[in-house]
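Asks: First to last, the protein sequences are chains A and B.
Everything in the first sequence is counted per the working numbering, starting at 1 for the first residue and increasing by one.
Everything in the second sequence is counted per the working numbering, starting at 1 for the first residue and increasing by one.
The calculated lysine to any residue pairs, modelled on SDA-like cross-linking and capped at a C-alpha distance of 20 Å, are:
hint, chain 1, residue 1, chain 2, residue 2
1, A, K68, B, E101
2, A, K1, B, K57
3, A, K1, A, S70
Hints were generated in silico from the structure; no laboratory data involved.
All figures in this text were calculated on a predicted structure; none of them were measured in a lab.
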Amino acid sequence: KQEVTQIPAALSVPEGENLVLNCSFTDSAIYNLQWFRQDPGKGLTSLLLIQSSQREQTSGRLNASLDKSSGRSTLYIAASQPGDSATYLCAALGDSNYQLIWGAGTKLIIKP
Amino acid sequence: KAGVTQTPRYLIKTRGQQVTLSCSPISGHRSVSWYQQTPGQGLQFLFEYFSETQRNKGNFPGRFSGRQFSNSRSEMNVSTLELGDSALYLCARSWAGGGQETQYFGPGTRLLVL
Chain A
1 KQEVTQIPAA LSVPEGENLV LNCSFTDSAI YNLQWFRQDP GKGLTSLLLI
51 QSSQREQTSG RLNASLDKSS GRSTLYIAAS QPGDSATYLC AALGDSNYQL
101 IWGAGTKLII KP
Chain B
1 KAGVTQTPRY LIKTRGQQVT LSCSPISGHR SVSWYQQTPG QGLQFLFEYF
51 SETQRNKGNF PGRFSGRQFS NSRSEMNVST LELGDSALYL CARSWAGGGQ
101 ETQYFGPGTR LLVL
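Bound conformation, chain A alone (with noise of 0.2 Å):
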């Protein structure tokens, strides 16, 4: 059963700092891992989405990379500001089932 973790849960930096979120997936035998932020009182926006060939995607100043042998993708935030306020969720898509595993996510704040 695939499982999906995301660590830290929350996280605050300042301004301009770079940073990088983590998400941990337990089962390799995924067809795609997205990331996805999520604003107080707001849906979801997708970010990025990763196919399982793929090793990164890149989005601006967003950068998110993907190691199905050790069940492991990043997010990288460059020169963050303080609108990246959000969670931050990544969920993998398994292969077979084609169902979103989601992690409970990482609640990022930029300090001005």
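On the provided structure of chain A, position chain B as indicated by the hints.
Replies: Just chain B now, with coordinates in the frame of chain A:
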């Protein structure tokens, strides 16, 4: 923009009642997936509908059901509500579905069961 409308946004029900939630994706997106988010269990997949057919189902009891109409609008129904059904219910649209591509989420319906 997400292009997903969920109604109602907030709902209060009592135990034993039933509830119907609605999700309307923008035109052309035939896949609608539903998720439940609670503080204790986090986000969990409920089911996916594609072209009016349930294509995938998560591990939820039969009290949770859904359907999709020809215009891609989807409804989710929960019968015999329990306190533990209090949650944020999210739906997401995508073109082909199956979680294999980017999903666009609505703002959710927050259900409180008293």
